[in-house]
Amino acid sequence: MLLRPKRDLTMADAARAPDGARFDHRLVAAMVEPRSRVLDVGCGDGELLRLLEQRGVDGRGIELSREGVNECVAKGLAVIQGDADTDLADYPDDAFDYVILSQTLQATRRPREVLEHMLRIGRRAIISFPNFGHWRIRLQLLLNGAMPVTDNLPDSWYDSPNIHFCTIKDFRNLCQVAGAQMEKSVALNPWGRPLRLNAPYWFWNLFGEQAVFLLSRKERKPAIR
Amino acid sequence: MADPEWRQGRYLVEGANPRRGLAVARMGAHITYLSDAALHRKFGRKFQDRTNPTFSFDADFEVESYLRHQGITFVERFDANSYLYLTRAMDYFDLAADYDGVLANAFKGTPTRFCVISFTSDWLFPTTDSRAIVHALNAGLARVSFAEIVTDKGHDAFLLEEPELSAIVRGFLDSAGAARGLAPKG
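If you read the sequences in order, they're chains A and B.
Going by our numbering, the first residue of the first sequence is number 1008, and it counts up by one from there.
Going by our numbering, the first residue of the second sequence is number 936, and it counts up by one from there.
Any given hint could be a false lead.
Partial chain A-side listing against chain B, Cβ under 8 Å, derived [to be verified]:
| hint | residue |
| --- | --- |
| 1 | Pro1041 |
| 2 | Val1086 |
| 3 | Ile1087 |
| 4 | Gln1088 |
| 5 | Ala1096 |
| 6 | Leu1160 |
| 7 | Pro1161 |
| 8 | Trp1164 |
| 9 | Pro1168 |
Subject to a maximum C-alpha distance of 20 Å in a straight line, what follows is the list of computed EDC-like cross-link-like pairs (lysine to aspartate or glutamate) [claimed, not checked]:
| hint | chain 1 | residue 1 | chain 2 | residue 2 |
| --- | --- | --- | --- | --- |
| 10 | B | Lys1043 | A | Glu1120 |
| 11 | B | Lys1043 | A | Asp1097 |
| 12 | B | Lys977 | B | Glu949 |
| 13 | B | Lys1043 | B | Asp1033 |
| 14 | B | Lys977 | B | Asp1109 |
| 15 | A | Lys1191 | A | Asp1104 |
| 16 | B | Lys1043 | A | Asp1065 |
| 17 | A | Lys1225 | A | Glu1120 |
| 18 | B | Lys1043 | A | Asp1104 |
| 19 | A | Lys1225 | A | Asp1101 |
| 20 | B | Lys1043 | A | Asp1162 |
| 21 | A | Lys1225 | A | Asp1166 |
| 22 | B | Lys1043 | B | Asp1029 |
| 23 | B | Lys1043 | B | Asp1026 |
| 24 | B | Lys981 | B | Asp995 |
Since the hints were made in silico from the structure, they are not lab data.
Glycine residues also receive a C-beta, built at the ideal position from the N, C-alpha and C atoms.
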C-alpha cells in the first residue's frame, strides 16, 4: 500500500488543463499541424479527436468498443468500429498526415505491425504509452514479486487489456527495427506534466510514467505487405 | 408474375389486378424485415382464434395470419408493376461496376459526409455488408462514421423507437450542419 498512494481522482482525470483537456491530449494535439488529416487509432470516447477538430484538423477515428464508437458518432465525429490489429491494413499508403495511437499500443496483439502500418498510412505517427520502466513499477515487481498495479494501470494481470507492456527503452528499440525516425519525444510524470526535456533517456525511463513519441518513417519504406 | 391476373404486365389496361401474386411477394419480403427473436417474442407458436390446430392448410398460427394481413393490406397501397420495377432496379444497381469494379473508386475525393448505421439483428442488410461499404468509403478517404446498434428488432428497428439511433443521427446531422456553417437549432 505504501507504493500505491490513494488519490481521489485517477491521474488522467487530475491531469487536466484549465480548458478541461487532458494534458497528454494537449501535448499530442500540439504536435499536430493545423488543417492536417489525422487518424486516431483507439480513439475511446473521442475526446482527443474533438480537441483536434476544434483546432481545425480533419480527424477520423477507429475504436474497438461499440460504446465508445456510438458515443463518438453521436458527438458528430467520423469514427468507425474497428481493430488496430486487423483494420489498418485496409487503409491506403499516405492517406493521413498523422496517425495517432494514444494509450493503445500496449493493448495491441502485434505492436510492431501496428507501428509499421501507422508509418505507411501516415506521414507521421504519434504514439503515447504507459512506461513500464517507471521506478514505482520496477519497485513493486522487485518487492512484491507480483505484476504491478498502479493508479494509471489499475487492472490485475488477468483482467488487463494490456498484453504488450513496454518501457521507453523497449519502445526506442522498436522504432529502430520498425524503421521509424524519432522526431520528438516527451516523458510525462504521473500528473501528466512533461519531465525535463534535456534529461537523458535512462532518466525518462525511470521517472516517466508515460511517454509520447512523434515519429516519421525513415527513407526506406518498411517492408510490409 | 406467376399470378395470371398480372396479364404480362397489362393488368391495368385489361381491368385486372394481380392481388394474390403481390400479396405473396410481400409476405415473403416481410419476414426479412423482422428478426428471429422479434418474431418469437410476438408470435411464438400461438394459434389464431383457436385453441387447437385444425391440421389443415388454413392459417392456424397467428404468425401466418399476421403475414397474410401484411400481404393483403400491401396490395391496397402498392402497384404490382411498381414493385417489380423497384426490385429489379435494386438488383441491377451495381455502383462498383461503373468504377472498374472497385467500390472505393466511387467515393474518391468526395466532399460528402457519410454515416453508416447497422443493427445487430438485421439480416436483410447485415453489419458485414455495412462494413464492406465503410471499408470502401475509408479506402476512398471519405469522411465516414459507422455505428452498430444492439437490438433484436431486426431491419425494421430503424422505424421503431431506438434512442441510440436518434442520438447518433442527431449528432451526425448537427456536426455536418456545423461544418457547413449551419448552427443546430435550440
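Now for the hints, and whether the structure bears them out:
1. At its closest, the beta carbon of Pro1041/A sits 16 Å from a beta carbon of chain B; the interface hint therefore is violated under the 8 Å criterion.
2. Interface restraint check for Val1086/A: the shortest CB-CB distance to chain B comes to about 6 Å, inside 8 Å, so the restraint holds.
3. This hint holds: Ile1087/A has a C-beta 4 Å from the nearest C-beta of chain B, less than the 8 Å allowed.
4. The restraint placing Gln1088/A at the interface with chain B holds, with a minimum CB-CB distance near 6 Å, inside the 8 Å limit.
5. At a threshold of 8 Å, the smallest CB-CB gap from Ala1096/A to chain B is about 11 Å, leaving the interface hint violated.
6. Nearest Cβ of chain B to the Cβ of Leu1160/A: about 29 Å, over the 8 Å cut. The hint is violated.
7. A hinted interface residue such as Pro1161/A counts as satisfied when its beta carbon comes closer than 8 Å to some beta carbon of chain B; here the least separation is about 27 Å, so the hint is violated.
8. For Trp1164/A, the suggested interface contact is broken, since its CB lies about 30 Å from the closest CB of chain B, more than 8 Å.
9. For Pro1168/A, the shortest C-beta to C-beta distance to chain B is roughly 20 Å, which exceeds 8 Å, and the interface hint is violated.
10. Note on Lys1043/B and Glu1120/A: the hinted pairing is violated, with a Cα-Cα distance of about 27 Å set against a maximum of 20 Å.
11. Using a Cα cut-off of 20 Å, the hinted pair Lys1043/B and Asp1097/A holds, with the two alpha carbons roughly 15 Å apart.
12. For the given pair, Lys977/B sits about 41 Å from Glu949/B by alpha-carbon distance, which is inconsistent with the 20 Å threshold.
13. A distance of roughly 13 Å separates the Cα atoms of Lys1043/B and Asp1033/B; the hinted pair therefore holds under the 20 Å criterion.
14. For the hint linking Lys977/B to Asp1109/B, the alpha-carbon distance of about 36 Å lies beyond 20 Å, and the restraint is violated.
15. Restraint check for Lys1191/A and Asp1104/A: satisfied, since their Cα atoms lie roughly 16 Å apart, inside the 20 Å limit.
16. Our distance criterion of 20 Å between C-alpha atoms is met by Lys1043/B and Asp1065/A, whose separation comes to about 16 Å.
17. Of the pairs offered as hints, the one joining Lys1225/A and Glu1120/A holds, with about 16 Å between alpha carbons and a cut-off of 20 Å not exceeded.
18. Restraint check for Lys1043/B and Asp1104/A: the C-alpha separation of about 17 Å stays at or below 20 Å, so the hint holds.
19. The suggested pairing of Lys1225/A with Asp1101/A holds, with an alpha-carbon distance near 14 Å, which does not exceed 20 Å.
20. This hinted pair does not check out: Lys1043/B and Asp1162/A have alpha carbons roughly 43 Å apart, beyond 20 Å.
21. Of the supplied pair hints, the one linking Lys1225/A and Asp1166/A is violated, its CA atoms being roughly 37 Å apart against a limit of 20 Å.
22. A distance of roughly 17 Å separates the Cα atoms of Lys1043/B and Asp1029/B; the hinted pair therefore holds under the 20 Å criterion.
23. Pair hint Lys1043/B plus Asp1026/B does not hold up; C-alpha atoms about 24 Å apart against a cutoff of 20 Å.
24. The straight-line distance between the Cα atoms of Lys981/B and Asp995/B is roughly 9 Å, inside the 20 Å bound, and the hint therefore holds.
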